[in-house]
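> Chains as they are written, first to last, in UniProt numbering: chain A, 1 to 655; chain B, 1 to 209; chain C, 1 to 317.
It is possible that some hints are incorrect.
EDC-like, lysine to aspartate or glutamate: derived pairs with alpha carbons at most 16 Å apart [claimed, not checked]:
(1) K170/B / D634/A
(2) K128/C / D287/C
(3) K220/C / D95/A
In short, the hints are calculated from the structure, not lab data. Since we're looking at a predicted model, the values are computed, not measured.
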Amino acid sequence: MIDSVKSFLGWFFVTGDPMIYGADASIALVSIGIVAVLTYFKKWKWLWNEWLTTVDHKKIGIMYIIAALLMLFRGGMDALMMRAQLTLPNMHFLDAEHYNQVFTTHGTIMIIFVAMPFIFGLMNIAVPLQIGARDVAYPFLNALSFWLFFFGAMLFNLSFVIGGSPDAGWSSYAPYAGAEMNPGVGQNYYLIGVQISGIGSLATGINFLVTILKMRAPGMTLFKMPMFTWSILITSVIVVFAFPAFTVALALMTIDRLFGAHFFTIAAGGSPMLWANLFWFWGHPEVYIVLLPVFGIFSEVIATFAHKTLFGYAVMVWSMVAISVLSFITWLHHFFTMGNTAPVNAFFSISTMLIAIPTGVKIFNWLFTLNKGRIQFTTPMLWALAFIPNFTIGGVTGVMLAMAPADYQYHNSYFLVAHFHSTLIAGTVFGIFCGLHYWWPKMFGYMLDEVKGKWSFWIFMISFNICFMPMYFLGLMGMTRRMYTYPAGLGWTPINVVMSIGAAGMGIGFALMAYNIVWSAVRGKKDTTGDPWNGRTLEWATASPAAEYNFAHIPEIKSRDAFAAMKEARAAGHAETVPPYKAIHMPNNTGIPVIMSAFMFIAGFGFVFEWYWMGIPGLIGVVACMIARSFVYDDHHYIPVEKVKQTEAATGRLS
Amino acid sequence: MTDATLSLHEKDRSQMPIEYSTEEGDLRIVGFWIFLAAELVLFGTLFGTYLVLQSHTAGGPTAKDLFEIGPVMAETIVLLVSSFTCGLSTIELRRHNKRGLIGWLLVTILLGLVFVGLEVNEFYTYAVHEGAPLSRSAFLSGFFVLLGTHGCHVSLGIVWIIGILLQLGKRGITPVTARKAFMAGLYWHFLDVVWIFIFTAVYLTGWVI
Amino acid sequence: MKQLKILVKPVFLLLAVPVLTMLAGCSDKIAVLNPQGPVARSQYHLIIWSLIMMSIVLAIVLILFIYVLARFGRKNSGGYDPKDTGNRKLEIVWMIVPVIICILLAVPTVKTLFELNHPPKATAVAAKSAEKTLTIDVTSVQWKWLFRYPDQRIETVNYVVIPAGTPVKFRLHAYDAMNAFWVPELGGQQYTMTDMPMKLWLQADKPGTYQGRSSNYSGKGFAHMTFKVMARSATDFDNWVRDVKNNEPALTHEKYMKLLKPNTVKPQAFASYPEIVAKDYNKAQMDAYMNGESVGNDSMHGMDMSDDSGEGGKSND
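So that you can see chain A by itself, here it is in the shape it has in the complex:
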């Protein structure tokens, strides 16, 4: 009896590596610490009422960003471990199995649990404010999306200590990721964890599509929308059309592994190539799901700190539309080397190159926004400026990769790895850091320290170049991705050493940013104006942080850069008539999203271990929550006029 319990525990918990025990201990300590602090300060009620049950888009945005920052820390640690292992030839810091898990979790976490939620967080915070709305179209669904993402991420991360991590790479190519060659629970964690958060992403896409189409303030026509809102509108369309394909791909592989189907197996007529097609049919649009929003952020920030309207607004919009359309017909360039005929490869080569055209147009429009501007080098602006040359390098190497015959030489080498880090770090990561610094005062009512912010920028940006520029050469020298070690004497060592130094530098840059967040929380400059950057769009027209209802009066929009226009009108002495306050209709908080997602987590955990006694009740719990929600009719309340007056007076906005 005791022996069987022992052997179960040895199988259930990941054992044998001191680093894992360290992680176990720290996870336990942090959990106990959080519980202790919450109990000591009697904050459980506060946590439940203010955060866990909230449907306020601003709070949900903040929770997204906190979770994404934590995940960024984990993904970054994975990256540092990989770099440590590869610094010198024949290192024994990680063994092959551990290294394979680390690169798998690094990729999955960075794309699914960092890039996407960070962007979702920023769009939750900014979009409703930018279009003058009181909340998103479906506040309940918005909370549900967040909690599904959160529990999906938690499930995925649990694999680190319970059962074992996935090790088939973030793209999980069949047949290696199938049950036969990859038994155990690791790959199930990947499939189900990503599936749960993916459902949340799809819901977010629908939510923001409707929000932007239907809830803009009066007068804000589509072509008067801020560019960030435009980018989210287009991104939402991509999400709606790309994610269902991924949902299906993940589900099919899950059915393969759990129920013995033959979609992607070697045996019984399965088609491993089908997985590659389905994965990248989602995977390529996914690249633009995490890039278009940061294009929007850069557009806002560059316009704000060049003190000019964005150059070529209409062309900027149409180039994003073009990118979104093209993103659906280029997926095959991820496997030019999978034996497609020359005409097929030629088609996808050219369709991929075409993406360079709208992207190039955007780069020039940003440069010409700066031209004849009055450029102010704030921290967000530094991130935005650094994006232009660094991302261009990623872009031009992307064109090189698009040429199929040349790709035969780059594919799966570090040249490819360098390319997508050049786009995803110089694009997405610079973009989310840019957005974080830019909208921080709007989220919390105080500024991040500029000096520390600039230091962290320079350290991170220079280290990024030290890490990833040499990587291109390493690829051309023949080093392929996902090698856990390499022999001496190939001339790869010096480059690997330099890259590891760069990676450490990026770690320091990020640590400094984290320090800046903590420091500024205590000593940061308060933003009492609501408009610390002299902004141009509506989110700066309300207080920092914005009241629950965002705007006491929904503003009337007459032009692009609506808030800049309002300020000009004010300066010109046009008096504004302020109508009397009215009671404001707001959605109620609800605990159903978090409870439902917790059931989803339980179900997911059950299916990971193929414990149907756990999985099926979990799913029943999910359906029960849906039914319970359907019967809730009392789901909104009115904020009385008196309360609105008080709140506005407190922020000095009562006129």
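Please arrange chains B and C on chain A, whose structure you already have, making use of the hints.
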């Protein structure tokens, strides 16, 4: 594109059908259409997968060996009729006839239950009697998952409509219950359209090829 | 001086490229830029051409970037014009220029793509033991490479010998996981797959040893899935074949089964191989065969990429 019409504040809703009569109802219905678009991609991906794998029978039974015309026609007719009765329920909704609405919705879910029963029976026959479960070949994996997904949607639709019936019974036709009944109708018609594609892409091509 | 700080960046970048090139050592360490055969050379030419075009693009962006920052980044720089919000003519220019660049890149891309379907031109007299072209069947197994010479009826593991100057047709298969067959100095890679045989033409200009490796992750021993490609003169190749036939052991059924287990092994050669090897069974087929079931082969009808027409396969979605 002119977007003045998209601005909700000036819209006169008094002339609109009851399910569109509140801003919230309007928002939800638009979102539901977008959700259906996403569902279309989901089923499209499943269809693509099925068509790729259709010929991968691994020496097991083929579509021609397996599919029988009788049960399939019965399923098709039952589902098409349920779609028609569902349409009648929407007409009753517009006429604010609570009893008619509830009655036709009841008929719809009963037909839905018959459809699900027929489908379960079909699956059972294949998997147990014909020795063709989903683990037999890639073709059968594709078949069971495509049809199973559709069947699960129909079943979920039945549960959903039961919930709406309870609310209609308690509250009558209000903008909220009307919106829910209308959306469930959209969903039901959508599943019917998917079935027509299944009938064509799975059964008809299965018999012919 | 903040704008100076900004200038540091692009300058740093411009310096970084040559510095790193030097750091990387002489160019023969950069395998892709050191082509040793006609296939790698045609890809090299494409790479250099794209590198030139892309450097021009990058240079234009960097020059403009530095200009606007230097000119408009100062505190009291004049020329501020908030009304400068668009310029149709300019925007059309920077839409047309990338189109032209894309055309300049697409034409040679498509040309090279079609060329690579055909064998390269032989540059040496063929070896006696081979035809004008040599065919080698390659199978990737977790975590090793098997090379079968169907005409010479010999088998090697983790190294392959080819006659220099002769086009070699590699027919690529996978026994289990997907891998990719890559010899950067001789030419670009192709995947090995269980359900679709593939073909890759390679040719070495002159005798020499070239490093090959798997470039698609396939599990624990993936990093060790390397092999040497040894190009020999025609006579040396003939001698080597004779030597293998005379001096190496035969590959027995048992030894073959052992090779198919997931593990890493040393380079080795065999004077002959049993018939089962030539069937190119994948793992599922082999399992069925061993259990006495019908092996069945409905993997990707008409998708055999190893035929010469190069028209057999297509994307399956």
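> Of the numbered hints stated previously, which ones are contradicted by the structure, given in increasing order?
2
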